[in-house]
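Chains as they are written, first to last, in UniProt numbering: chain A, 1 to 323; chain B, 1 to 427.
No lab work stands behind these hints: they were computed from the structure. Fair warning: there could be bad hints in the mix.
As the list claims (entries may be wrong) - Now the stretches of chain B that chain A is said to cover, found in silico as 3 or more residues with beta-carbon under 8 Å:
1) 252-259
2) 389-396
What the hints assert, rightly or not - Far from chain A, by Cβ distances over 10 Å, these chain B residues were calculated:
3) D35
4) D78
5) S94
6) L182
7) L184
8) K188
9) S217
10) N283
11) T285
12) V291
13) S337
14) Q347
15) A368
Here the structure is a predicted model, which means the values were calculated and not measured. Using N, Cα and C, we set each Cβ at its ideal position, and we do this for glycine too.
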Amino acid sequence: MTTMIRERTGRSTVKPPNRQGSGWSTALMLSPTLLTLALVVGYPVLAAVRLAFVQVADQVNPQTGMLERTESFGLGNFAGIFTGESGEAFRNAFWNTTLFTVIGVTAEVVLGVAMALVMNRAIRARGLVRVSVLVPWAIPTAISGLLWRWVFESDGIANAVLHTQVVWTADDSTIFGFISAPFTTVLIADIWKTAPFIGLLVLAGLQIIPKEVYEAAKIDRAGTWATFWRITIPLVKPTLVVAVLFRILDALKMFDLPFVLVGAHKHSVETLSTLAQYEMSNVRYGPAAAYSTVLFLYIALIAFLFVKVLGADLIGRGLKESR
Amino acid sequence: MKYRYPALLVAAALALTGCTADPKPVSQPASNALDGVGPITFVTGKDSSGVQQGLLDKWNTEHPDQKVTLVELPAQADGQRQQLIQNAQTKSSSYGVVSLDVVWTAEFAANGWVEELPQSEFPLGQILPSLVAGVKYFDKMYAAPWGGGTALLYYRSDLLTKAGVQPPKTWAELDAACAKVLKLPEAKGVDCYGGQFNKYEGLTVNASEAINSAGGSVVGSDGKPTLNTPEAKEGLNFLVDGFKSGRIPKAAITWDEEAGRRAFQEGKLLFLRNWSYVYTLANKTDGSSKVAGKFGVAPIPGLKGPGKGTIGSNNLAISKYAKNKKTALDFIKWMTSQQTAKQLMVQSAQSPAYTAMYDDPDLVKQYAFMPMLKEGLMNAAPRPAVIKYGDATAAIQEEVSSALTGQKTSEQALSDLQQRLSGIVGK
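Turn these sequences into a full structure, and let the hints steer you where they fit.
Right, dumping it as structure tokens:
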């Protein structure tokens, strides 16, 4: 870490280690690892992708009532996703998933950074503050979903505090006349739960910024905002970008929170994972795998774009020469 | 990130090569003999009271060479179904006797996941006809009736007496009773009627109940949906108008069994449609219920007379992939016997399948609702016996919910539902 900081602050010229190695011996030495990865990661993913192309057709035998099943391979499961009624459900879920991610992660970043700044400052009872911030993150999502469901019940705390009569988890109810109420509840619960995650990662980033940089800024009479935008943010950016990427990946596959908090079949909070789960629970593994594959591609695309645009240092390549 | 490309290429290659394969039939298991004696497992939902284990201990002492082990599944029906299906898909022999919800009978039978049972070995004549109907598929019996209940109408007897009103037998009487009772100063803050209207299985139950109680049906005896009738519309309108007129409180659109029970116990509801388990809880005098001793139970009302409740029941079946099926059959016969049924009712209020037991003086003394439940069960109707029940119930919930929330008219919702169910049943 020290080398990286020095490089970024421009005071050192240590080169990153040469990672090329001699190809074959490296491959040989890594082969047990690669084999294990292929077995535990590669195979299940490929098996799931293969499953997405297996089409099952059922027919009830009119004499016995027994199901007769035929299997074939093809693109039918994928075609099914985008057409007709399921196409509508898919577009709705796609929109919800994206919107949850954009709004949720943005709010979490703002709150998380604020939390990190506070925790970095608070000298007294710093440990206590950190622990208490960590509590929402430590609670399993399904449990926090239940907690928030109690809060948002029609005779729950939310209505009592706000002096309203909103039926928060009803699919068609809105608040202020335009935002869907269930969507809002899920968003609140998600931000409550995961802003601390960003907060803690950013805090870790803040703590490795050397004090001298701030002292120098003080001598140069930089104001609070200038210090924040010109020093804190650029120096904490590598950590922040990784934290945000993790959150985006997580938010895109959101399932348990809306499922527990609002319930199944609620269109206003349906996500892409919900659709896969529904197909699976009705013993249609092909379409379920197709939904999962589409979701996988979507997540891969977003992650790829994110890394390209913001340059998250995920694989630990170290700093590039260009920076 | 560049390491992902090969995986995508492989996926694409799979897709291209996969397209050329021919359809091939998947074989069904053939064995049908119920033989083999030895240890088995008994698979059922969470045994929170310990009653099941007590019964198994009794069996195990009597049959030391045919030991039965309890396998507990999640408390929620969805989770149970998921695990049972997974077990069948992997053809695992770890599940022996399984407890099935009545709505799964068709699905499990048609998929060949459970064995056909010999009807002659069960005293079906002594069992409530509506429960017997629930274990049959194509006239064959795939599970043994273990116990079941149906809807009851809970009412505030103190308020009804005060206003001089009888428990309603029809919807019109229910409305009239509300109009009269809710004027009382004691009835301040009390709503008229509640049930289960959240978008989940409870809504399917309540909606088919309303439709059946108006003389209609969701699916006819030939298995075809029958929602394009005036009766079906009249039934659905009982709920739709209820929300419109305020007979049903607005918040009830999110209610399940427990939320409605809480409202009733807090004295905020005059009439509640719910299952028999509420009776004991609402009568608790430890302060958890404000209506203990102040409520009564009646069969649910209908359009022109008593309504037709929906059956909720649990049945016992033998997994196709089980070992020692002779023992499994003997165990089912023992578990569904009159003697065991009475013990289950006394210890955990699991309503028996036997008609005569509802008049058993011991039981009526302990549970005053027994005669009401019998009346309800004699009259009750099953939910549609559809193989793709998961899709059918989702469609019912979807369309009924859109009618209740005013997104669609009842006509529109019913005609859309008719079309969707035809597609689900027809496939």
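Going through the numbered hints above, which ones does this structure break? Give me the numbers in ascending order. Of the numbered hints, just 4 does not hold.
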